[in-house]
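2 protein chains.
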Amino acid sequence: MSGDYRSAGIVRPQRASFAEALPLRCGATLPAFELVYETYGTLNADRSNAILVCHALNASHHVAGVYADQPDNEGWWDNMVGPGKPVDTDRFFVVGVNNLGSCFGSTGPSSINPATSRPWGSDFPIITVEDWVDGQARLADHLGIDCFAAIMGGSLGGMQALCWAIRYPDRVRDALVIAAAPNLSAQNIAFNEVARSAILTDPEFHGGHFYAKGVKPVRGLRVARMIGHITYISDAQMEEKFGRQLREGIKYSFEPEFQIESYLRYQAEKFAEYYDANTYLRITKALDYFDPALATGGDLTRALAPAKCRFLVISFTTDWRFSPARAREIVKALVDNQRDASYAEIVAPHGHDAFLLDAPQYHAVVRIYLARAAERAGG
Amino acid sequence: MSGDYRSAGIVRPQRASFAEALPLRCGATLPAFELVYETYGTLNADRSNAILVCHALNASHHVAGVYADQPDNEGWWDNMVGPGKPVDTDRFFVVGVNNLGSCFGSTGPSSINPATSRPWGSDFPIITVEDWVDGQARLADHLGIDCFAAIMGGSLGGMQALCWAIRYPDRVRDALVIAAAPNLSAQNIAFNEVARSAILTDPEFHGGHFYAKGVKPVRGLRVARMIGHITYISDAQMEEKFGRQLREGIKYSFEPEFQIESYLRYQAEKFAEYYDANTYLRITKALDYFDPALATGGDLTRALAPAKCRFLVISFTTDWRFSPARAREIVKALVDNQRDASYAEIVAPHGHDAFLLDAPQYHAVVRIYLARAAERAGG
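Keeping their order, the protein sequence lines are chains L and H. No gaps in the numbering here: position 173 of the first sequence is 173 in my numbering, and each next residue is one more. No gaps in the numbering here: position 286 of the second sequence is 286 in my numbering, and each next residue is one more.
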């Protein structure tokens with residue numbers, strides 16, 4: 001190990017095809033589907049050192065390293081995953097997978113619907129966290145991984161880790177649930193609904209069948225992204241970074257005048273260029289629906305009872321999207337079930353996005369937790 | 001006085017025309033303009049008992065009472081203003097005025113531009129809080145009021161009261177600044193910018209000249225209203241009122257499924273029916289620009305030095321739009337100036353909207369404060 005500056009290096013995405021249809025929560029069945037994934041590190045002989053990294057709203061299978069032809073396109077969790085990093089690929093075999101319904105390569109609304117030979121569009125079913133996890137389990141079968149050393153993720157990715165622990169208790173030894181919540185609050189749902197309304201009412205959405213028209217509902221996507229973006233950053237962080245700074249003085253116009261306005265618009269424009277509106281709609285719905293305690297009448301303790309693995313739950317003090325109080329609900333339910341649960345509340349100014357950043361305490365907690373997990377497994 | 005249940009009764013809006021042009025902060029000049037207003041109570045002989053009520057984003061001159069032909073259309077602050085109420089119209093002569101640029105009767109973007117004989121639309125100038133206050137001062141002249149007993153408002157209305165105290169220090173004896181801030185934070189501006197983006201990019205906005213097309217950018221207005229609405233309510237209040245309640249079970253569709261979704265959509269649809277998009281754009285800009293300390297290099301104490309009146313500043317514990325910390329900035333600057341400032345931080349669960357509700361402590365504070373003000377004035 002030579003320190004944190006090493007990278008997973010050149011990586012390349014792989015593709016797994018699944019011929020067997022996947023039954024979905026919504027009642028529909030997805031016919032043959034594909035998942036795009038990447039791996040970092042080496043699977044050991046007894047296939048016991050695999051870590052699955054689940055992604056959140058706008059990320060993908062590209063977790064670490066770079067592509068040979070895109071040396072600047074670092075994976076979204078490159079500071080966390082790599083040789084000598086907290087998720088140490090000298091020790092673990094790490095799998096990044098793109099979820100069903102995404103627009104980054106796995107089967108999704110912009111894929112071709114075999115029934116029509118045209119893009120699925122709005123005919124693509126609504127996917128849930130449980131469906132994602134079921135799809136990921138197929139990938140685990142494909143890779144010959146019976147039981148993951150750990151499954152981890154931040155935000156929506158943390159919800160997937162939690163779902164795995166409940167749904168496949170024998171297939172995961174450690175779950176790392178970071179910047180997540182046991183379900184969305186009314187306010188969380190409200191923000192998602194505004195974002196969806198912006199997309200659904202964009203005239204270029206065309207009921208979800210915009211691909212054939214050669215247009216994209218970029219206006220709606222931009223507004224959706226701006227709303228999301230505000231909720232990812234803490235109020236204090238936004239104040240420190242932008243405050244009331246002006247670009248070039250007050251112009252009395254509707255062009256961006258404050259730095260925060262042009263920052264939001266710029267980020268939104270970039271996002272709308274590469275992201276798919278039907279994917280955005282579905283991922284926010286998956287967030288809204290996630291609620292393991294729905295089946296147990298709201299009792300999270302009973303909902304988590306099937307889980308057998310150890311847990312590391314992490315929250316960030318300034319995260320107002322999924323606040324520490326929400327993470328503590330998960331911890332309480334685990335403790336009530338007498339599960340082996342560690343909890344770290346990281347003091348970080350960045351808000352929800354802190355899970356993507358490299359606050360030293362945060363990375364140290366993950367590093368130590370996984371090192372101990374490896375020792376326990378004799379790795 | 002017979003208690004809180006009495007109302008200002010049947011009221012009717014009045015209209016004042018001003019022939020003299022109004023110079024605006026943006027550099028433009030508004031030619032002859034009109035202001036719509038209502039009054040409640042009786043102006044005393046020495047014209048010393050007048051209270052001006054300034055409105056916030058989507059309210060108007062209709063502060064209290066009802067119209068003869070609309071017995072259900074109560075004024076927006078009817079619980080606060082009326083005979084025997086905290087702002088007691090048995091004692092005070094209360095003036096509600098609709099601001100310039102509004103869509104409720106005063107000259108605004110939907111009024112006829114005398115230069116073109118068509119609606120102003122996007123040619124209507126961008127108005128600031130200072131411009132509103134200057135317009136209100138003209139109305140005071142028209143009513144023969146040299147000095148208001150008090151000027152009061154919540155949210156953006158509180159900013160107008162603060163602006164009056166600085167801009168016309170000899171024309172106001174008491175300023176009641178409720179649920180306000182000395183300026184908008186980066187996060188506040190960000191939410192406004194998303195709302196404006198939704199309107200500006202609605203294809204039916206037509207660059208602000210939609211009136212002639214017989215359409216309205218209702219999609220954009222709805223999204224804007226939904227965003228605003230979320231910020232008016234506290235997270236906890238939304239959770240208590242809606243939580244994750246479903247309307248009719250999970251349908252796996254993009255129709256509203258959670259109660260919070262249908263509530264937001266319903267409110268947004270109502271709003272988009274009656275509100276004007278050009279007004280929305282301008283009022284959010286007036287909010288963004290408001291910053292008395294801009295002229296003093298960010299020094300709020302120096303900015304408030306010209307104010308001579310007494311102050312009552314009120315904030316609400318769960319207001320995350322304009323938090324108590326922001327109100328305390330105003331109080332600190334007043335204290336630093338050795339002004340007579342009272343401050344009440346009201347424990348209320350409702351968030352920003354608490355200023356419109358009748359939390360007993362809140363109303364008691366206003367009632368006692370104004371009663372003492374009247375005693376001091378020998379009223």
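Treat the hints as calculated values from the structure; they're not laboratory data. Careful: at least some of the hints might be erroneous.
Stated by the list, open to error - With a straight-line cut-off of 30 angstroms between C-alpha atoms, the simulated DSSO-like cross-links for lysine-lysine are:
| no. | chain 1 | residue 1 | chain 2 | residue 2 |
| --- | --- | --- | --- | --- |
| 1 | H | Lys241 | L | Lys251 |
| 2 | L | Lys241 | H | Lys332 |
| 3 | L | Lys270 | H | Lys216 |
| 4 | H | Lys251 | L | Lys216 |
| 5 | L | Lys213 | H | Lys241 |
| 6 | L | Lys308 | L | Lys270 |
| 7 | H | Lys216 | L | Lys213 |
| 8 | L | Lys216 | H | Lys213 |
Said to hold, decoys possible - Have a look at the derived ranges for each label pair, beta carbon to beta carbon:
| no. | chain 1 | residue 1 | chain 2 | residue 2 | range |
| --- | --- | --- | --- | --- | --- |
| 9 | L | Thr317 | H | Tyr266 | 34 to 40 angstroms |
| 10 | L | Arg372 | H | Pro203 | 38 to 44 angstroms |
| 11 | H | Lys241 | L | Asp299 | 20 to 26 angstroms |
| 12 | L | Pro360 | H | Gln338 | 19 to 25 angstroms |
Please read all numbers here as calculations on a predicted model, not as lab measurements. Every residue gets a Cβ at the ideal spot worked out from N, C-alpha and C, and that includes glycine.
Results of checking the hints against the structure:
1. H:Lys241 - L:Lys251: With a Cα-Cα distance of about 41 angstroms, the restraint between Lys241 of chain H and Lys251 of chain L is violated, given a limit of 30 angstroms.
2. L:Lys241 - H:Lys332: holds (24 angstroms)
3. L:Lys270 - H:Lys216: Cα-Cα ~28 angstroms, so holds.
4. H:Lys251 - L:Lys216: holds (26 angstroms)
5. L:Lys213 - H:Lys241: violated (42 angstroms)
6. L:Lys308 - L:Lys270: violated (42 angstroms)
7. H:Lys216 - L:Lys213: Judged against 30 angstroms, a Cα distance of about 25 angstroms means the pair holds.
8. L:Lys216 - H:Lys213: holds (25 angstroms)
9. L:Thr317 - H:Tyr266: 34 to 40 angstroms: Holds, at about 36 angstroms.
10. L:Arg372 - H:Pro203: 38 to 44 angstroms: violated (57 angstroms)
11. H:Lys241 - L:Asp299: 20 to 26 angstroms: holds (22 angstroms)
12. L:Pro360 - H:Gln338: 19 to 25 angstroms: Roughly 46 angstroms apart at Cβ, these two residues miss the hinted range, so it is violated.
In this structure, the hints that do not hold are numbers 1, 5, 6, 10 and 12, in rising order.
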